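Asks: Sequence:
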Amino acid sequence: MKFIYTLIGCLLLAACSTSDNSDDQSMSQSPVVEYVWQTKGPNYSDDALESLIDSWNQKVTKGGYDMIGANILVPQFQPETHDFVWVLRWPSMEARNFAWDHFEANYDQEWNEERAGIFSDNNEDVYAFSPSLGRPMKAGNGNTFEAEFNFCNYNEGFGESDLEKFRQDFGSYLDQDELENGEDTFWYVMLEPLFEPTTNVQPTDYLWLNIWGSKEDKDSGYARYAETELQNQADSFSTCQRFPHSGRVIR
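Under my numbering, the residues of the sequence shown are numbered 690 to 940, in order.
Hints listed in this document are in silico derivations from the structure and should not be mistaken for laboratory results.
A quick note: this is a predicted structure, and the numbers were derived from the prediction, not measured.
In this text, a Cβ means the ideal position worked out from N, Cα and C, and glycines have one as well.
Don't take every hint at face value.
Unchecked claim - With a Cα cut of at most 25 Å, we get these calculated PhoX-like pairs of lysine-lysine: (1) 904 <-> 827; (2) 748 <-> 729; (3) 827 <-> 854.
Said to hold, decoys possible - Cβ-Cβ distance ranges computed for the label pairs, FRET-style: (4) 765 <-> 870: 21 to 29 Å; (5) 856 <-> 802: 17 to 25 Å; (6) 753 <-> 894: 38 to 46 Å; (7) 895 <-> 806: 32 to 40 Å.
Start from the sequences, fold in the hints, and give me the full structure.
Replies: In structure tokens:
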């Protein structure tokens, strides 16, 4: 699973600027989440995927990599660019760089031979982000979950202050909703891109990732949310595209 090393050669867009060494060090120690787009081959099957997940996990364990975890996301829409996403969660860019370098040197050839004809990725559609927690993860989240990426641009005359106001109002709503209906499995993350734009992913003003522990929690949460004015508030300052996925933990 060869990574585009030049993609993050400057580490984050900000790290390519005139920041000082302490900023660079702090950035290299921040958590990183990577999304690697995968395309099914002619020999793909669910059983073959499971076998490859096991093989990949053995390599990661043997390599001793410092990894928070890994997931697979399956789009609940019909993208023309990929079939599923392999997600890698790292505690830092330093940990990520060591793991990819070691994997390429020791396992890459074997891994590519194992998965030939089953699934493949490419050197462009590998996307790393710096995550910022918007709402804490709930204990009810298990090995399967629902994820929704919201790619958003500000409407004319609006900007970051409007987003911050919405996040405050949304947080107050969630607090009250939990008091009235009990805790559910919803949480969310803001994602800051660490890559240059590609043919398939163009820059947006902000990226908001919603996560639920189940489809039932997602549906019931949206039903209650629809009874508020929050969606109208969000639509007033930004325009978003939603991309829903079903996910599962593989490490």
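Asks: Okay, which hints does this one fail, numbers in order?
Replies: 5
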